[in-house]
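Protein chains: 2
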Amino acid sequence: MNQQMEIIGIGNELLIGKTLNTNASWLAKRATTFGIKVKRITVVGDDVNEIASIVDEALERKPKFIVTTGGLGPTFDDKTLEGIAKALNCKLEVDEKALRMVREKYQTYYREGKMERVELTPARIKMARLPEKAEPLPNSVGTAPGVIINVGGTLLIALPGVPAEMEAIFEESVAPLLEKEAGELTFFETSIYADGIMESALAPLVDKTMHDNPHVYIKSHPKGEERKPHIEIHFSTTAKSSKTAKNRLGKAIIQLSELVQKDGGKIKSKKKK
Amino acid sequence: MNQQMEIIGIGNELLIGKTLNTNASWLAKRATTFGIKVKRITVVGDDVNEIASIVDEALERKPKFIVTTGGLGPTFDDKTLEGIAKALNCKLEVDEKALRMVREKYQTYYREGKMERVELTPARIKMARLPEKAEPLPNSVGTAPGVIINVGGTLLIALPGVPAEMEAIFEESVAPLLEKEAGELTFFETSIYADGIMESALAPLVDKTMHDNPHVYIKSHPKGEERKPHIEIHFSTTAKSSKTAKNRLGKAIIQLSELVQKDGGKIKSKKKK
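Quick note, the sequences are listed as chains X and Y, same order. According to the numbering used here, the first sequence is numbered sequentially starting from 729. According to the numbering used here, the second sequence is numbered sequentially starting from 729.
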């Protein structure tokens, strides 16, 4: 069985519709290519109790990975680590390794002439205050380190909300962990497009094809307008080799295409403009 | 106190990073403008048990509104209503009003020459099988009706995943309910942009300004790259009138702008290109 992941986005800007949760989508895509199954994505605001609750609930479901994004910065409303500490019932303490990372960042900024002096203000030290037993993860793009904690076998990983920083820490420190845990299965996917058939007419054809191809998951996504049905049909499978995956997907695509054409629909391999 | 909402996105495509959850963001923005507070956004896959769990958990937190998107269509993996019925421990039954809506849609398609005959196949009847006590909401853009159920005071509302259909049902049937429940408070927001100051140096200035302006929430969003700090500073408040809101936001913006400029930063009212 493949390992599972939950993703938690933290930030009021996500709850007022100001910011699209592109971080969750990016992480989900990356995790999926490693063969990790994302089971749930959640968003809560910048509130210690909300963060503590959501982390606690996710831990109870015992996924292999929980990845949070946002709330690691220097401002008062960056509350992720406080929320995690509350969920784990432990204290926040200045971590020497994290403090060294933060200090080195400001020394670099100083050398580049961006600061008049290197000063570790409370707001800056805050980024190095980690829950007990946490390890900092270096941030090659920004200042706030990422954080990883092993909680009874679940790897709880906190990443910054700035996409470039989140992605850099993920690629450098998290992707190798996912690769190790992923097992032998990889996720493969492809889409075809059907014109001239309504989704309700397509539905039984998809059912039949999935029944005959038990390892392939097929999902239809209507893309056209009411008067001109245009449906994306997405095929996916997890397999040990790309050869197996291609065989499976190819067989299912041929069967469904024939069924659609028999019903008067047209199949295309590209999306209609 | 303002009413609360939770948003639940349903669909494997969201969990594999294939589709961005723009529906949640759109709903969050619309609800926020009505003065409704979105407390949590969640995404689960096309799985009856997952859907039942998430609906059950949301109901336990007793928000005024729970809005789900996705999983109302005619295909086998459209499982939202089955999941809701499981959470409510009730049956799915063909609803006469919903069936009429679905039939009328197909009659229209027939008259437009898009179907050879009007036939209510099992896949089509499925869209009219609602949990007991549910009411269908007309879908002016597509086929599957929306659904609303009053569960002990919480309005549980299921909308389709196709954005145009979701938005149409929301505007026609859901927005009026939100307006009624919203109370007297409306959400107001605006942003300014700071250059030449690091977020860690801005943090204590934001703290001071928020302390002096207790009704204004201020959040910084770093937008620049490491070498050139460029920070969006987002101000928001909920107030009974736009006059009160503008006064509050204006006062906070002036105070923070002065503090930033005193520290050598520059304030702009527009985002840097």
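Do not rely on the hints blindly, as some may be mistaken.
Chain copies aren't distinguished; within one or between two, either way the pair holds.
[Unchecked claim] Listed below are the simulated PhoX-like cross-link pairs for lysine-lysine, each with C-alpha atoms no more than 20 Å apart in a straight line:
#: 1; residue 1: 999; residue 2: 746
#: 2; residue 1: 979; residue 2: 746
#: 3; residue 1: 951; residue 2: 999
#: 4; residue 1: 956; residue 2: 994
#: 5; residue 1: 757; residue 2: 746
It should be emphasised that the hints constitute simulated quantities derived from the structure, not laboratory data.
Structure-based check of all given hints:
1. 999 / 746: between (29 Å within a copy, 15 Å between copies)
2. 979 / 746: neither (43 Å within a copy, 22 Å between copies)
3. 951 / 999: within (9 Å within a copy, 33 Å between copies)
4. 956 / 994: within (12 Å within a copy, 52 Å between copies)
5. 757 / 746: Answer is between; shortest inter-copy Cα gap is 7 Å, intra-copy 22 Å.
Hint 2 alone, counting from the list given before, is not met by this structure.
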